Every structure is written in C-alpha cells, then in structure tokens.
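For chain A, the structure is supplied; the task is to place chain B on it using the hints.
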Amino acid sequence: MALPKRIIKETERLMAEPVPGISAVPHEDNLRYFDVTIDGPSQSPYEQGTFKLELFLPDDYPMTPPKVRFLTKIYHPNIDKLGRICLDVLKSNWSPALQIRTILLSIQALLGAPNPDDPLANDVAKRWKEDQNAAIQTARDWTTQYAKK
Amino acid sequence: MMSYGDLEQRPAKKRRFFVEDSPEKDNTLSAEASLPDEINALDQSAGNTASGFVREGEFDVSLLESFVGEPLSLETIEKLKDLSGNNVERAINLYLDGSWRTQDQTTAPTASDEQSSIDVTPVQTKDDISEEPGVSTPTPAPVPTRTIEPWIAMPNKRYIGAFGVTAWATRSGSGLISYGDEVKIERTKPQGPGGSRKTGKLARSAQKDVVVRFTNSRGEEIGRLENDYAAWISTLIDQKVCIFQGNCVYAPERLRTSDNIYLQLRCFLLKTGFESGNITKPVENNRKMNLFEAKESVDERNLRLRQVALIKMFDEIKLHPLQSNDKNDKHKREKLLKAAEAAEQNEKDKANQTVKPSADGTSSPPSEENEEGEELEQDQLDTLYKKAQSFDFDTPTAEPANSFVMELRKYQKQALYWMMSKEKDEKSDHKERVMHPLWEEYAWPTKDVDDKELAEVVDQVNFYVNPYSGEMSLDFPLQEQNCLGGILADEMGLGKTIEMLSLIHSHKSDLVISAASAGLSVNNLPRLSKDSKAVEHAPATTLVIAPMSLLAQWQSEAEKASSPGTLNVMVYYGSEKSANLQKLCCEANAATAPNVIITSYGVVLSEFNQVAAQGGNRGSHGGLFSLEYFRIILDEGHFIKNRQSKTAKACYELKAIHRWVLTGTPIVNRLEDLFSLVHFLRVEPWSNFSFWKTFITVPFESKDFIRALDVVQTVLEPLVLRRTKDMKTPDGKALVPLPPRTIEIDHIELSKPERDVYDWIFWRAKRSFAENVEKGTVLKSYTTIFAQILRLRQSCCHPSLIRNKAIAAEEEDAIAAADLVNGFADDMDLQSLIARFEADTDEQDANKFGAHVLKQIQDEADSECPICSEEPMMEQAVTGCWHSACKKCLLDYIEHQKEKGESPRCFNCREPINSRDIFQVVRHHGYNDVEGEEEEEEEVALYDAPKPSSSTSRISLRRIGSDPSAKIAALTTYLKTLRSTNPHAKSVVFSQFTSFLELITPALSRESIPTLRFDGSMSQKARAAVLEEFQSTTNKKNKGCVLLLSLRAGGVGLNLTSAERVFMMDPWWSFAVEAQAIDRVHRMGQEREVRVVRFIAKGSIEEKMLRIQERKKFIASSLGMMSDEEKKMQRIEDIKELLS
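Same order as they appear, the protein sequences are chains A and B. With the first letter of the first sequence counted as 1, position 60 gets the number 60 in the UniProt record's numbering; the numbers rise by one all the way through. With the first letter of the second sequence counted as 1, position 34 gets the number 34 in the UniProt record's numbering; the numbers rise by one all the way through.
Here chain A stands alone, though its shape is the one from the complex:
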C-alpha cells in the first residue's frame, strides 16, 4: 500500500523543522514505523534523560491515533512497565487534526506533568500520591540508570 500523502508530509516536516528535544526517524524498511527520542523536560525528574520510544502509524491513521510506546524504562504514573502510555489524545481524545509532532509534544508534556489520578501503573501512582518526593527521587534514579545520555 502506497504511503498516504499525509504521512509523507509529516515525515518531511519532522526532518525539516525538528522539535527541540524530540526526534522521530522512520525506519527505512517501514516508513510507518518511527524511532523516537524525547529529552526529559527540565525541572522534571526526567531532566538529563533521553527516552527512546517507538511510534507506529496504523493503516487507518489519521482516523485512528498512532501507537506509541516507551522503550526506555521509565518511572511514571501514566506509563506502565511495558512502556504503554496513558494519554487522552492517544485514545478517546484523538483527532485526525493531531499529528505525530503534536502527539510527541504531548508526551513530553506528560513527563513534565505526571497525573497520578489517572494512572496506568498503579503501584507508581500509589507511591506518587503517598510519598511524592521518594517517587520523584526514584524517577530521577531510573533516569540516571536507564536514560543517561
């Protein structure tokens, strides 16, 4: 199946005007599959970390949202240990007007603003609520341990 114009255009733009702190490079053998890295936002426990993600555009994209998953281990209440992300725009609030770029920005924002009230990793969320500082410290440790630049 030929690559839709939309995907071609998005890819071109990601290359031409990259977002600071974010990169997304398609696989040569599958242009719907992207290797993504997101820098941890400053003043967050993920600062100084670079997180690898994979992003896949399903056949009915942009009717359905892209599938995104963290490859790098991360300690975050909305990201489980398989790297799955709990984010509304990746689910019910997806709109075809959104793009890879906006989705990745949302994920970056999610790192800066964890939301333990809508958890995916329950244990992390629980801890985040009970002892936020300890949780943040763990997140820092994990970042240093797994996402060191």
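Quick caveat, the hints were computed from the structure, so don't treat them as lab data. Since the structure is predicted, the reported quantities are computational estimates derived from the model, not experimental observations. Ideal placement from N, C-alpha and C gives every residue a C-beta, glycine not left out. Among the clues, some could well be false.
[Stated by the list, open to error] Output of the computed footprint for chain A on chain B, the stretches with three or more beta carbons under 8 Å from beta carbons of chain A:
(1) 741 to 755
(2) 892 to 899
[Stated by the list, open to error] No farther apart than 25 Å at their CA atoms in a straight line, the calculated lysine-lysine pairs in the DSS-like style are these:
(3) LYS91(A) to LYS452(B)
(4) LYS5(A) to LYS67(A)
(5) LYS91(A) to LYS73(A)
(6) LYS703(B) to LYS1021(B)
(7) LYS898(B) to LYS67(A)
(8) LYS91(A) to LYS900(B)
(9) LYS508(B) to LYS184(B)
(10) LYS157(B) to LYS318(B)
(11) LYS184(B) to LYS81(B)
(12) LYS752(B) to LYS898(B)
(13) LYS9(A) to LYS318(B)
(14) LYS91(A) to LYS976(B)
(15) LYS9(A) to LYS157(B)
(16) LYS976(B) to LYS5(A)
(17) LYS81(A) to LYS67(A)
(18) LYS5(A) to LYS1021(B)
Quick look at chain B alone, frame taken from chain A:
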C-alpha cells in the same frame, strides 16, 4: 478572323475521348504508312465511299509540308487531299489536329469557301493554348500501338438483325408488291451530306421530317413506314449509322392508299457509324460551351436522336449486350429513353430563353453560378465510400529513398508504391483491361434472321456501343487513366503528409536524376534568359498548397522527414513572396532550386488575380504561375470543391506534370465536389463538365442513384487510395497501434438512504421470485421478474430512477402493472424511503452566515486538509462549527466515529457535530458566468491552481446529506479531480438509463462542469452538432467538457477520440456492449492513454452482474443456438444467482 464555321469544326479534335488523338508528332505516321495492309485498305475504302467531293485543282504539297514542318508520305498526302477536298489550308488543319486519321470524306464540308478564311499556323495554336487562361494544355496522348484501324478492316456494312414493321400504302393498284418482294427503304427527301449540320436552323426544321418511304424493285414508291418507326429509322439513315433492306411480309393483293403493309427490315450497321469523327461530342472547355451554346444544342440534339434511335433499334432486333441479363437491359434502356425525353423537354424550354454570351467570355454562365447538384444523403455517401475503400492489403510496398528518414508503416509503403506507379503510369500487369463503364459490348450476329451463316470478319467478333451517347466503336473502349497523379484520401491520422513526403523523396524527375548522376555542374545547364515570358519547367520542385494554418506543419514535417540537406523547403508566404520563383526553380537552377514550395490557397488566389490583371502573362510575373512544377499537391483538397469558386479556378490553372489531391473527404456532400478534384487532376474524360453532367449529375438528379453512383465509383476506383482507421489488416491488427487503455472498477458504497431503497426492492424481488419458483410459474412471470431486476439495477444508480414514468413504461408486462397495484401499500413505504433520500437540496449562500464565516472558509480553502494533508483540499467541506477539510476526509472521519459507537465530533474543536450539518463549499468560478473578461486573462492561473479572487468568487454551501446519489457523487469527484490536474481533458459518460443521464446533468452543472447530451431521442442534425461541438478544440467553453451518452444511442461509427476518460455508470449484461462503447473513445486517432472507470455499487446486484459477465457471455451473444425457451431457462439460472 475566326469564322463560325471554323469554330464549329475545330473543337472537334478535343471532343474525341476514345479515339486516340494523333499527337503533333509524326512517328506514328511512318509506322502506319509502311504497312501494306493499310495502304490497300485505304484504297479500298476510298473506292467504296462515295467520293463525290473530290475536286480537281491545285493542291500545294510543299506548302502543306512547310506548315506541318516535316515531309509527308505519299499516302498521307493523298488522304489529306481527299479529306480536305483539295483545300490546302483545310488539309493543314486536318493534319495538325489529327482528325484526318479518322475522318471520312463524307464529313468534309462542301462549303469550302467558309474555310478559306482560316488563318491558323501551328505556332499560333501553341500560343493560344499557353496564354489563354482556361484552355488546358492537352495531355499528351499515348502513342498508339495499334497499326491497323479496325474500322478499316470492317466491311462497309454489317448485318446486325432484323425486325418487323408496319407500313402504309401511299398509292393504289394491284401487282405493285407481293410477299417476299424486296423493297428499298429510303428517306423522302434525302439530305445532302453535311447539309443538316450546316446551321442550327436547318437542323431544327429537318427534325420534323422523319418520313421514310419504300419503293419496289422497279423504283416505284409504294408507301411509307409508320411514324413510330420512321421517327428513329430516319435518324439512323440520315446519320449514316444504318441502312435497311426490306422484304414484304404481307401486302393486300390489291393495294389501296393507307392499306397496311407488313415489312421485314434487315438492319446493317454502316462502317460510317463507327467513325467517331461523325459525332459531335461535348467540347472540352466549360467556358466555351457557354459561348457556343446554340451550336452545342444542335450537336447534342443529333447525338440524342442517334442515341434514342440506336436504343430503339437494338430493342426491336432484340440485341443485348454481352454480360448483362435481359431484364436489366430492358430496364436500363427504358431509363435511357426517359432521360433522353427529359432532355428533349429541357431543350424545348431552353429554346424559349435567349442566351446572351457574356461579354468577355470568362465569367461563368449565370445558371452555374451557384453550387450545383443535389446533396448526397449520408447513406449514399457511405455506400460510395465503402466501395472506394476496398483496399487490397496485398498491394506491393515500396521502400522510400534513403534521404527519407522517417519509418513508414506497411500501409504507408503501400501508398508509396501506389503513388509511384500512378506517377510513372505503370500499368500493373495483373490488372485486367477494364472496359469503360459507359460502354456496352455486343457480339456481331453469326447468323441472319433466316438462319443463314453470315460472313465473318477476322478479328471482329464484337462491337461496342455507348448507350449514353449513341457512339459506336470497334475498338475495345478501355477505361483510360492518363492523369499522372490521384487522390490520396486516407482518413485523418493515417499520415497523408508523411506518405506524400516519402513520394517527394522517392520519385524525382528523370532530368534531375540524370543531372545529378552525370555530375553536371550548374554551369553546364542552359542559362535562363532573364525574365522569361514563357512558363518555365521546374523539374526539381513540388508545390504544396495547403490552408494557411497548416503551412508551418508542412514545413516542420518536411524537415523532420528528410535527412539534413536533402530537401530544400521553402514557405512561400508573406515576405518570402518577394523571391522570383521562376529564377529560383527553373531547369538551369535545378540543383539549387527549392524541392518543396509550400504556399496557401490565399496566395494562389491573389497571384492568380495579379496574373489575370497583367493580361495573363504568367512568365513575367515570376510567381507561382510562372512555372510548370514537377508535382503539385493540394492539401485539404476539398477547399476547391466548388468548381465555380475563384480558388478552384486558380488551382486549375497551375501547371504540373503530377497532380495530387489530399483530402479525407473527396466528396463532402455533392457529387460535384468530386468533379472539381477530377477536373484539377485532369482525368479524361471526366474532367469535362458536360460529360460529367451527362453521365453523373443528370442521372443522379433524375433519381437514378445506382447508375450515377456506379459511374462515380468507377471514376474513383483507379484514382483514389483511401484507408480508414477502422481497417484491419488480414491478421486482424489495426493499421496504427493504439495508446494503452486501462479499465478499473470503482466499487461504490451506497449511502444509507440509497441502501434502504435498494434493500427494500431486493427483498421484494427475492420474495416474489421465490413465490414463483414455488408455484412453478417462473417462466410465466418472467417479465415481472426481469422488471424487478431492472428496478434493482436502477436503484443502484439513483433511487429516483425507479419512480420515473419512462422507466415504468418499459415494464410492458401486464402482470408487472398488476403487481404494482397489489403492492401499493408497500410502495408507500418505498415512497417515503425515496422521499427521505431526496431530502432538501437547498443551497445556501455562505454570505448569510456572516463575513466572518465567509472569510474563514476562504482562508482555509487553500491550506492543506488537516486530515489528509492534501493541498488545496479536495472539495472543501465545512462542519457546522466552520472547520474545513476535504469532503471525503470529513465524512470518513464521521463514519469512523460512528462505527466505533461514538457520537461524531469535530476533528478540530471536538464540538459534537451532526452528519446532516456538513456543507460542501461550492465555488462559482468557472466556465459560464460572472467574471467574463477577467476569466480570459486569468484562464491558466485559474484552472491550474484555483485561486479565489476574494471579491468576485461567490461561495455557496450545500448540505452534503443531500448528495444526489453515491454514483453521481463519485463521478463528480472524479471529474473535479480531473479538472484540477488536466483542465482540458474531456470525458465521456455512458449509462443505459437516459433518465439517469438527466439526473447527472444538473449535478455536474452545479459544479460548473460543462456537459453535452447525446441520445437516441435527438435528431440526426442535433447529434451531429453535439459531436462537432464536443470534438472541437477551439471552443473555449468546451474545455474539460463531459459528453453524456446513452449506451444504446449513437452508431458504431461514433468517433469520440477527443475524450480521454470514460465513465461507465452502470454495467450491461454483456461486457461486449460496454467494450464497444469504450472503443468509441479508444480508437484510431486517439493519441492519449484512455482511462476507463466502471462504477459498480458495492454489495449489489451489479457485482453479481459482473460475475455473470465474467463467467460467460451472458444472454443472446453466446446463446444464439438456443431456443427462446432455453434462453429463458438459462436466464432464470442467472436470475437465481442475481437474487441470491
């Protein structure tokens, strides 16, 4: 001084079409004279004929020889002496015009004093011919190969037949005549030979005297023949065609005046009847005919009388031509007599009008000012062309010269071969001798009426009669083609220009070739004295005359086709005209002369006028008319179809050895169109208008179409090469390979309301079919079932169709009607379903939503679609919250959300939206309105990248929920995409439902897509107009035009090659029918790839029809062997599948 008598006599040399004119050379003479046979024959004939006109006197042989410019043999001089009645001047003329060879003494006028004033020298004759415009140069007659004239070998008279005739006595008495007595048949007042031809008046008064009397052996007059017989017998006697010998079959013992006597007449054709010098044929020059109309009518009259008389006699003696059956013959003779009668009547009418010869003799006869001739009906034209198109694919090919660098296709090489053989006048050996179409062949009888053997004449078994003119001949009247050119009438697109260029390269004048091979330098050739007044030969030059618009094309084609430096091409137009063509092209400069001069009809006409204004001095004009070209080519030759037009006349005057006419339509709508071409080509005898008129126009106008067209066909056959694009080589290949063709099937998803309608009908049809199967009444209710299937197919196209009365009328079967009545309640449901489908289609002007909305919509129009990134959007649509995207994207997204069980929300602001509140933005730029002048300037910009000029373009919004039908929507989308990528591409839309086409038209016009309609309800004229408009490339309104056709309308011949897209709105039972429709676009002449889209409603009966199409050739085509019943059974199997 030219006396009347001179005029009467002299044109005779040009009137002979079938007798080989003796050329002004003498090489034939010596050959003839050296044959002892002929000398004897001559003596004999001189002895046999009444030579009462030979007078003793001075006959100055040396004067004769000095005029003639060569020594003459004794025999020749003797004959000339006899023929001329010892008048030297007459003898000179006889010798020079060649008539002496065939003329008999009897025709020598007694009134020699009339002739004494003739002052014609050979030199002057030449001048007359070359300087007087309108007199065509006589084409050089082939050198006669026959050494013995058959008429010399012929006895003075030959028995031809006998018949019974009634006579009445003019005296009383007994013993005057009895059974078996010989009687002499003679005219009452024998006319002096030639007397009747002296003046017109005399001939006319003589007409009433038809009395034929007979005498007994003692020379006493007994009585006269009945007038019915006498009328024509007198003509035959007077014109020395026949003599008659009578025997009394019955006479009363005692004779009383006005008693009936029965005679048997034996007819003998006289030798003199075969001498064509006796017959006056129409003169060659049309213009002269006008001047001498009075005289002409007398000659024509004699001709006609003789014609009628011969026909009547042949009828009486029951002599029929070989190779013809009696019935036809009888029929034909009746027609001929009728035509002659009509002519007689005409003549009488004409006699009442006074004909004034025009003052200068050059203007046209008033009666011929307009285009004459009736128009041909299309089918007549078709028949004619069909006959002319029997192209022999085994024709040999010729390879073009090396200097010609283009590749020729096989049929083009065949054209080259044909053209070269035409120019070189090589008669192909395998061809049979074709008898001239107007002549009939008769056998001399071998036994007389009493069954007695008749003396045979060696080598004279047959004789020939032209029943159309009354001429007789002993020679086989060969259909001769002495024109060294022809008509190349290949259909447009087959490469006439290329074929012609290959000829230019491959056949050059011998002179040029020998000059080149001998390595003669230019200096060795004779220099042209400056400004020659005579017309000079241009042996290296071909003149091409084409419409102005084609000059550049000819030039570029000529250069493309030639290897560099081999063809010197000159466009003679505008500033180039300052050149002196004569100097450029004359023989002396052959090495440097332009090989091709390309000019326009306009230039030819204007130079013609200039030359005429200079008193016809061609040479010193130095232009087109100062040369005799090696070859002339008239492109688009139908430009001269009107022989009265000045352009045509100008073209006739151009001189050349080879003449060609290129045209796709040798006959546009009148047979006379062809005449003009034939006249230009100088095809004898047809280039003579009176001849043409007599044998083609008059029969045609008197509704004898078959004869006229047959004759035309024999004229055309050797002259025309015509191939059409439809022709296939024997192995079934097209002459020219076609560009590729792709057919794709677009499976269309029916909209929900459409689906509801479809399902409802499907369910009902299935139920009734099942019921019928159960009751075993399938065959009986066959029509009903078929009608229901028809409805199903219609509902795939547009639910409104099934309400259409016209369609309902197609359901002929009464059961169907009853079924309708029974199902009335159900129909109410159906009605409401359809009504829902046809929800309001109101368009709303976006302005009423306020400037803000308008601006937003316009701002977004050029940006890319947020969903598919298409830029600009395809068919911009907006949500109720005024967010734009492509229509398809928007609808797809809403559909997607619905499928997931979500309520649709705006893709942009996530506002909940209603699928009914999606609007399509309709932009009213385009073809037909508002912008006018602005449109012209911005034309390209506007269509290549539509840019709304904010102030002028009007926007309206249309609810998408009110889309006409899924198929129409899909079609519209295709067409709009096409418009944005290729604004000039034309499309053809086929549907078998005319009423569907009626729904498509408004849908397309809403999108400003121009449409044309073509269906069976239109008149032939309206159809032609539509096709012309569609094919036209110049009409601006026509850009991107869409032609809507019903599948069944329009003949096979329809040519829609200007289109490159085909849309099949609905499938037919057999794909062959659809393929035929597609082939109207994908056929010879199509130069672009053709893309075909077939719309098939998804999950419907149409998909099943496709399966049936694929599985076999459905219904009739392959079931030809089945009985009707079997066919029905077969169809029911199909129906089962359709309703599964």
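> What are the numbers of the hints that this structure violates, sorted from low to high?
Replying inline: 1, 3, 9, 11, 13, 14, 15 and 18
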